[in-house]
Amino acid sequence: GEDVEQSLFLSVREGDSSVINCTYTDSSSTYLYWYKQEPGAGLQLLTYIFSNMDMKQDQRLTVLLNKKDKHLSLRIADTQTGDSAIYFCAAPAGGTSYGKLTFGQGTILTVHP
Amino acid sequence: EAGVTQFPSHSVIEKGQTVTLRCDPISGHDNLYWYRRVMGKEIKFLLHFVKESKQDESGMPNNRFLAERTGGTYSTLKVQPAELEDSGVYFCASSQVGGRTEAFFGQGTRLTVV
Chain Y
613 GEDVEQSLFL SVREGDSSVI NCTYTDSSST YLYWYKQEPG AGLQLLTYIF SNMDMKQDQR
673 LTVLLNKKDK HLSLRIADTQ TGDSAIYFCA APAGGTSYGK LTFGQGTILT VHP
Chain C
180 EAGVTQFPSH SVIEKGQTVT LRCDPISGHD NLYWYRRVMG KEIKFLLHFV KESKQDESGM
240 PNNRFLAERT GGTYSTLKVQ PAELEDSGVY FCASSQVGGR TEAFFGQGTR LTVV
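Which chain is which? The protein sequence lines are Y and C, in order. My numbering numbers the first residue of the first sequence as 613 and each following residue consecutively. My numbering numbers the first residue of the second sequence as 180 and each following residue consecutively.
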């Protein structure tokens, strides 16, 4: 089955860029996702990338996909204190449902002034 | 439109007791998923309903866990009897059937077994 790995912690200064990295094992994954969990809240889908793309940009977010290395990254430009949260990388776990996902452990992003 | 709602938000029970978690999906979403995150670890898939039918329950840890979705609306997840290792955050998600559709997650139920 799919295995997803992430670094656990990232600390950045407000205004800097944040880069959160993720590796996965199943090269047949069609979509790869980034979810965000703020304190006391549920998981919010931030963005996703289709496997035939190398990059996707959405405002301050840039997703890079290296299929050869099975490496996914999320870059947040001009990081703000409100970006402090846990970020999860996720890939479809197989089967017929896109909602069955394999998640990484989550990266705790801390943004300090 | 109301999102995915989970009850309770927190539950603290003693080992050996029974707890029932509830999830109300977004209206019209036939897909309903349960996930669990044990402290500091990854979020793991438990099971998937399509309407009232269990489509995939490969992630259920053992027979102390029972999930139901009578009538294809809300779902319950019962843990009986609860063990210490069942502590964690239980998430529910729902989505529409068909294609790559986003799964919307609830805020989770934090279960602590003492």
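Calculated from the structure, these hints are not laboratory results. Here the structure is a predicted model, which is why all the values come from computation and not from measurement. Quick reminder that beta carbons are idealized off the backbone N, C-alpha and C, glycines included. Don't take each hint at face value.
[Stated by the list, open to error] Label pairs and their in silico Cβ distance ranges:
| hint | chain 1 | residue 1 | chain 2 | residue 2 | range |
| --- | --- | --- | --- | --- | --- |
| 1 | Y | Y643 | C | T249 | 26 to 34 Å |
| 2 | C | N241 | Y | P725 | 44 to 52 Å |
| 3 | Y | G652 | C | Q196 | 22 to 30 Å |
| 4 | Y | D638 | C | V229 | 35 to 43 Å |
| 5 | Y | D628 | C | K220 | 45 to 53 Å |
| 6 | C | G182 | Y | D681 | 45 to 53 Å |
| 7 | C | E262 | Y | S619 | 25 to 33 Å |
| 8 | Y | K680 | C | H189 | 27 to 35 Å |
| 9 | C | N241 | Y | T637 | 38 to 46 Å |
| 10 | Y | K668 | C | R201 | 18 to 26 Å |
| 11 | Y | Q669 | C | N241 | 26 to 34 Å |
| 12 | C | K220 | Y | P725 | 29 to 37 Å |
Checked hints:
no.	hint	result
1	Y:Y643 / C:T249: 26 to 34 Å	holds, 32 Å
2	C:N241 / Y:P725: 44 to 52 Å	holds, 47 Å
3	Y:G652 / C:Q196: 22 to 30 Å	holds, 25 Å
4	Y:D638 / C:V229: 35 to 43 Å	violated, 23 Å
5	Y:D628 / C:K220: 45 to 53 Å	violated, 28 Å
6	C:G182 / Y:D681: 45 to 53 Å	violated, 36 Å
7	C:E262 / Y:S619: 25 to 33 Å	holds, 31 Å
8	Y:K680 / C:H189: 27 to 35 Å	violated, 44 Å
9	C:N241 / Y:T637: 38 to 46 Å	violated, 26 Å
10	Y:K668 / C:R201: 18 to 26 Å	violated, 36 Å
11	Y:Q669 / C:N241: 26 to 34 Å	violated, 44 Å
12	C:K220 / Y:P725: 29 to 37 Å	holds, 31 Å
The structure does not agree with the numbered hints 4, 5, 6, 8, 9, 10, 11 stated previously, though it agrees with the rest.
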